[in-house]
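Q: For reference, the chains in residue letters:
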Amino acid sequence: MNAGKQVQYGQSRAVRTRKINGQKLAPYLFILPFILSFLIFFSYPLLNAILMSFQRVLPGDVAFIGLDNYKKLLNPDFYKALLNSTRYTFWTLLVLIPLPLLLAVFLNAKLMRARNFFRASLFIPALTSIVVAGIIFRLIFSELDGAIMNSFISWFGFDSQKWLLSSSLSMVALVVLATWRWAGINILYFLSALQSIPNELYESADIDGAGTLNKFWKITVPLLRPITIYVFTITIYGGYAMFTESFMLWGSRGSPQNIGLTMVGYIYQQGFQYFDLGFGSTIGITLLAITLLVSMLQLNVLGFFKKED
Amino acid sequence: MRKMGLGLTALFLVLTMALTACSSTNNGTNVKPSASPAGTKAEGGEAPPAAEPTKLTLWTFVQQHADFYNFMAAEWNKGNPDQQIELDAQNIPYDDMHTRLLLALQSGKGAPDLVDIEQSKFPNFMKGDVQLVELNDIVEPEIPNIVKSRVEIYSKDGKYYGVDLHVGATVMYYNKELMDKAGVNPDDIKLWSDVETYGKTVAEKTGVPFITFEGSGNWSWWPAINQMKSDQVGPDGEITVDDPRNIQAMTFFKKLVDEKIAAVSPGTGHDTPEYKAFMNGGGAAAVFMPFWFMNRFTDEMPDLKGKMIIRPMPAWEEGGNRSAGMGGTGLSITNQTKALELSKKFLAYAKLSKEGNIQVWKQLGMDPIRTEVWSDPAMSEPNKFTDYFGTDIFATLTEIKDEIYPVNIRETSPKVFDAVRNEIVPKIFQFGEDPETVIKKAAEALRKDTGK
Numbered sequence: 516m517n518a519g520k521q522v523q524y525g526q527s528r529a530v531r532t533r534k535i536n537g538q539k540l541a542p543y544l545f546i547l548p549f550i551l552s553f554l555i556f557f558s559y560p561l562l563n564a565i566l567m568s569f570q571r572v573l574p575g576d577v578a579f580i581g582l583d584n585y586k587k588l589l590n591p592d593f594y595k596a597l598l599n600s601t602r603y604t605f606w607t608l609l610v611l612i613p614l615p616l617l618l619a620v621f622l623n624a625k626l627m628r629a630r631n632f633f634r635a636s637l638f639i640p641a642l643t644s645i646v647v648a649g650i651i652f653r654l655i656f657s658e659l660d661g662a663i664m665n666s667f668i669s670w671f672g673f674d675s676q677k678w679l680l681s682s683s684l685s686m687v688a689l690v691v692l693a694t695w696r697w698a699g700i701n702i703l704y705f706l707s708a709l710q711s712i713p714n715e716l717y718e719s720a721d722i723d724g725a726g727t728l729n730k731f732w733k734i735t736v737p738l739l740r741p742i743t744i745y746v747f748t749i750t751i752y753g754g755y756a757m758f759t760e761s762f763m764l765w766g767s768r769g770s771p772q773n774i775g776l777t778m779v780g781y782i783y784q785q786g787f788q789y790f791d792l793g794f795g796s797t798i799g800i801t802l803l804a805i806t807l808l809v810s811m812l813q814l815n816v817l818g819f820f821k822k823e824d
Numbered sequence: 036m037r038k039m040g041l042g043l044t045a046l047f048l049v050l051t052m053a054l055t056a057c058s059s060t061n062n063g064t065n066v067k068p069s070a071s072p073a074g075t076k077a078e079g080g081e082a083p084p085a086a087e088p089t090k091l092t093l094w095t096f097v098q099q100h101a102d103f104y105n106f107m108a109a110e111w112n113k114g115n116p117d118q119q120i121e122l123d124a125q126n127i128p129y130d131d132m133h134t135r136l137l138l139a140l141q142s143g144k145g146a147p148d149l150v151d152i153e154q155s156k157f158p159n160f161m162k163g164d165v166q167l168v169e170l171n172d173i174v175e176p177e178i179p180n181i182v183k184s185r186v187e188i189y190s191k192d193g194k195y196y197g198v199d200l201h202v203g204a205t206v207m208y209y210n211k212e213l214m215d216k217a218g219v220n221p222d223d224i225k226l227w228s229d230v231e232t233y234g235k236t237v238a239e240k241t242g243v244p245f246i247t248f249e250g251s252g253n254w255s256w257w258p259a260i261n262q263m264k265s266d267q268v269g270p271d272g273e274i275t276v277d278d279p280r281n282i283q284a285m286t287f288f289k290k291l292v293d294e295k296i297a298a299v300s301p302g303t304g305h306d307t308p309e310y311k312a313f314m315n316g317g318g319a320a321a322v323f324m325p326f327w328f329m330n331r332f333t334d335e336m337p338d339l340k341g342k343m344i345i346r347p348m349p350a351w352e353e354g355g356n357r358s359a360g361m362g363g364t365g366l367s368i369t370n371q372t373k374a375l376e377l378s379k380k381f382l383a384y385a386k387l388s389k390e391g392n393i394q395v396w397k398q399l400g401m402d403p404i405r406t407e408v409w410s411d412p413a414m415s416e417p418n419k420f421t422d423y424f425g426t427d428i429f430a431t432l433t434e435i436k437d438e439i440y441p442v443n444i445r446e447t448s449p450k451v452f453d454a455v456r457n458e459i460v461p462k463i464f465q466f467g468e469d470p471e472t473v474i475k476k477a478a479e480a481l482r483k484d485t486g487k
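Residue numbers (my numbering), protein chains in the order written: chain A, 516 to 824; chain B, 36 to 487.
Since the hints were derived computationally from the structure, they do not count as laboratory data. Be aware that a few hints might be false.
Computed spacing ranges between beta-carbons, pair by pair [what the hints assert, rightly or not]:
hint : chain 1 : residue 1 : chain 2 : residue 2 : range
1    : B       : 142       : A       : 672       : 26 to 36 Å
2    : B       : 264       : A       : 672       : 13 to 23 Å
3    : B       : 270       : A       : 641       : 49 to 59 Å
4    : A       : 583       : B       : 418       : 47 to 57 Å
5    : B       : 418       : A       : 554       : 57 to 67 Å
6    : A       : 691       : B       : 308       : 16 to 26 Å
7    : A       : 805       : B       : 436       : 21 to 31 Å
8    : B       : 99        : A       : 805       : 39 to 49 Å
9    : B       : 315       : A       : 691       : 25 to 35 Å
Here a beta-carbon is modelled for each residue, glycine too, at the ideal position from N, C-alpha and C.
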C-alpha cells in the first residue's frame, strides 16, 4: 500500500467532505434512525397492506382479485364496526377534553391541597396494564346484583342492569373505562400547558377586576388552544384505534350482536380469526382513510392550518 | 470528520445490533438437532448418537397441556434411550398462539414442530395449501380403537392433520341435593320431554330453575342438535343452521325458558365466573356440558363437592343418542419441522397409545379418545374427580360411547359459530325473539356471506 498517497488523498477528501457534507449531511444523519424505522416499520407495512388489500392471501395461494375485497366492505358488520367506533370516539371526545381540562385547572390552583397526591393518583391508571384493567372492569360491569356498578346504581333505586349485553349500556362501560384510563394523560398535557401561561396575564386581569370564571374563559381556554387541538387529535385517533378495551370486556369470541365490535376489532376478526388477511388489510386501509379524513376536517375546523395572525 | 466518523460507527453498531437481533430470533425458532455442542462430536463419527436428544418445539395454549406433553416426553425418553427428545413445550395465550401460528405458516418461518390447535380455529389452517403434515400413517391403524370423529374433525379430503386430546362427551351434571329435595330421580329423566315434566316439579319444589342454557354460547344448542344427527355446518361447509331439527331443538329450549323450567345462564355462558358463582350456590339443579367441564366444578365450584353426579344426557326419542362430542384440541405437526419422523412417533405415543390415553385422564381429567382404556382399572383409581363426582364416572361414559355423532368443522365454521354465539342465541334467549325467524334470517345472511 502506498501510505503517503493515501494520507494525501484522505486529507483532501476530508477537507472536501467537511466543506460540502459537514453541514448538509449532518441533519440527515441525525434523523436517519427515525427515517429508517419509519421506512421499515411504517411505510413498508403500509405499502404492503395496500397491496394485500387487492389480494387473496393464503399459504401458497396469493393472487390479485381486483376490487373484490373492497366490494365485501359494504356489509352490516362493517357499518356496525364503523358506527361503534364513531360513537365511542364521539363520547370520548365529549368526556376526555373538558373533564381533564377542568381537573388540570384545579390541580394547578395554588389553593388545592395535596396536589401531588391527586396528580399521581389520576395518572396511575395510565400505567396500569389494560389487560388487567379490562378484567377488573368486566367484573365491575358484571350483570350480577353484587357487582360494583349494579350495587352503585341500586343506591339510586335503579334495577340491576346487564351492562355488557345492551348496546348503549356497554358504550357507557367503554367510555368509563376510557375515562379512567386516559384522563390522567390528558391532565398531564393540560397541566404542562397551564404552567406555560405567564402569570402576569392573570395578575393584570386581576388588576382589571376580572373574576375567576372570566379569567378561565378569556385567558386559560384560549391560551390552551394549541394543546387542546393536540389532545383532540390524539383522542380521535385513539377512539378509532380502540381495540383492547372491547377485546378485554367481551373476549376473543366477540360480543352479543356485535355491540362491542370496533374497526380494529373487525380487522382482527377478519384477518386473524377468519384468516382473511387480504380483507383485513382492506379494512385497515379504509380505517386509515377515515381517520385521516376526520382528523383533517377537525384540524381545519379548529384552524390548525390557518396562519398565525 | 472524526466526530462524524464516530457517529457513523455508532449508527452502524446500532443497526448491526438490530439486525443480529432479528437473525438470532430466526435461529432460535428453527434450531437444528445438530446445533447442540455435542453435535460436532457425533458428526465426527466416533460417538453413537444415543445420548444426543433431538429438540422438538411444541406450542400450546393451556399450561396443563404443556405439563402433560412434558410428562409424556419424559416417559418416552425412558423407553427410547436411542431417540431422546428434548421437548420445549411453550404455553402461549390462546389467541396469540393461533395468530402467531397463522403468520408463521403463511410466511414459511418460525413455526414449531408440534402444535395444539383448538377445534374452532382448525378450519383456518385448512385454507390454501395446507401447511400441516398428513398423519394418515399413524392415525389409520388406530381408527378401530379410537372415537373416529375425534380425528375426522381435523381432516380434509381424507387426510388427517391432527389428533384430539379427548372426546368431550357431553353429559348431564345433576345437583343431587336439589334433585332429592324435589323428589326427582335423575335416572328417570330419559328423554327431553321428561325434562319438561320433571323439570317443572324441580323448579316448583326447589324454587330454582331445573337447568340453564348458554345465553351467548354454543354449548347448549350444538350438543342438542348433534344428538339428532344435525349440525350447523354440513360436510362440505354448507350452512345448515336452519335445519328443521335445529329449529325444533331451539324452539323447545325457548319454551322451557318461557315456562321458567330453564334459565339463561348468568354471565351468558357456563364457562364464566358469574355462572360458577351461581351454580356453586345451588342456583340450578342441572346443566349439560362436555366432559372437560368437570374440572371447572372441581376447581371453581368447591361447595358442590359430593353433591354432583354425572349421567347421560336425555335423548330426543327412545334409543336416540344420549351424548355429543364437543370442543377439542388437535395436536398437529407443521411442515416446518426438521424432525418429522420423531415428531410423528412422539405424537402417536402421546395421543394415540394406551399409556398416553390413560395419562389424559390421570393428568388432565379428560375423557381419552381411545375407548378401550375407559374400562381400564386405572380409570377408577381415586383422584380429585372421583372424590367430587363419585367413582362411576367411566361407567356412565362407557354406556354412551357409541352414541357420539361426529361434528362438522369446515372453513365456514368460524363465521357460523360467531353468528350462533353473537346473533342467534342472544336474540332468542336475551331478547326473547322468535327462534324460527331469527335462525332463518341468520342462515340467509351466512349463505350470502360465505357463498355456501
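Q: Which of the listed hints are broken here?
A: Violated hints (numbers, rising): 1, 2 and 7; every other hint is consistent with the structure.
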